[in-house]
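This note's numbering puts the first residue of the sequence shown at 1, with every later residue one more than the last.
A couple of the hints might just be wrong.
Below, a list of computed lysine-lysine pairs in the DSBU-like style, where the Cα atoms sit at most 30 Å apart [unchecked claim]:
1. Lys13 / Lys89
2. Lys59 / Lys89
3. Lys13 / Lys28
4. Lys28 / Lys59
5. Lys16 / Lys89
6. Lys89 / Lys28
7. Lys28 / Lys16
Pair by pair, the computed Cβ-Cβ distance ranges are [to be verified]:
8. Ala19 / Ala94: 34 to 44 Å
9. Ala78 / Leu29: 11 to 21 Å
10. Lys89 / Thr49: 17 to 27 Å
11. Asp25 / Ile45: 25 to 35 Å
12. Pro47 / Met1: 27 to 37 Å
13. Ile92 / Thr49: 29 to 39 Å
14. Ala14 / Thr36: 32 to 42 Å
Calculated from the structure, these hints are not laboratory results. Every residue, glycine too, gets a C-beta built ideally from N, C-alpha and C.
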Amino acid sequence: METVAVLAHFEFKAGKVAAAQQFFDNGKLTVEDQPTSTRWWAFRIGPNTFGAFAVFASKADREALLSSGGPRASQANAELFETAPSFQKVDILAAREGY
Numbered sequence: 001m002e003t004v005a006v007l008a009h010f011e012f013k014a015g016k017v018a019a020a021q022q023f024f025d026n027g028k029l030t031v032e033d034q035p036t037s038t039r040w041w042a043f044r045i046g047p048n049t050f051g052a053f054a055v056f057a058s059k060a061d062r063e064a065l066l067s068s069g070g071p072r073a074s075q076a077n078a079e080l081f082e083t084a085p086s087f088q089k090v091d092i093l094a095a096r097e098g099y
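All chains should be built: construct the whole structure from the sequences, respecting the hints.
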């Protein structure tokens, strides 16, 4: 079972919503290349506000993504964001397994 996660928050500049879709499409490819991410979602919260959530089996796996995944991509695309994206480390307390 996954025990840790990352919750990311992104505030894109007005007019950059199409770029947001491309940013997350690229993010999905990055996550697919990193087997330590067991599950990953990108989602929209508001007109320019988005988030991503990734879960991991261990803290070491989470650190591996944080050192090479979303934070690095965010820095490389800083011109898209109204404010710098945030990446929160979270612990999974309970989960519903199976669908």
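So, going through the hints one by one against the coordinates:
no. : hint                      : verdict
1   : Lys13 / Lys89             : holds, 25 Å
2   : Lys59 / Lys89             : holds, 9 Å
3   : Lys13 / Lys28             : holds, 21 Å
4   : Lys28 / Lys59             : holds, 20 Å
5   : Lys16 / Lys89             : holds, 26 Å
6   : Lys89 / Lys28             : holds, 19 Å
7   : Lys28 / Lys16             : holds, 18 Å
8   : Ala19 / Ala94: 34 to 44 Å : holds, 35 Å
9   : Ala78 / Leu29: 11 to 21 Å : holds, 20 Å
10  : Lys89 / Thr49: 17 to 27 Å : holds, 20 Å
11  : Asp25 / Ile45: 25 to 35 Å : violated, 18 Å
12  : Pro47 / Met1: 27 to 37 Å  : holds, 35 Å
13  : Ile92 / Thr49: 29 to 39 Å : violated, 23 Å
14  : Ala14 / Thr36: 32 to 42 Å : holds, 35 Å
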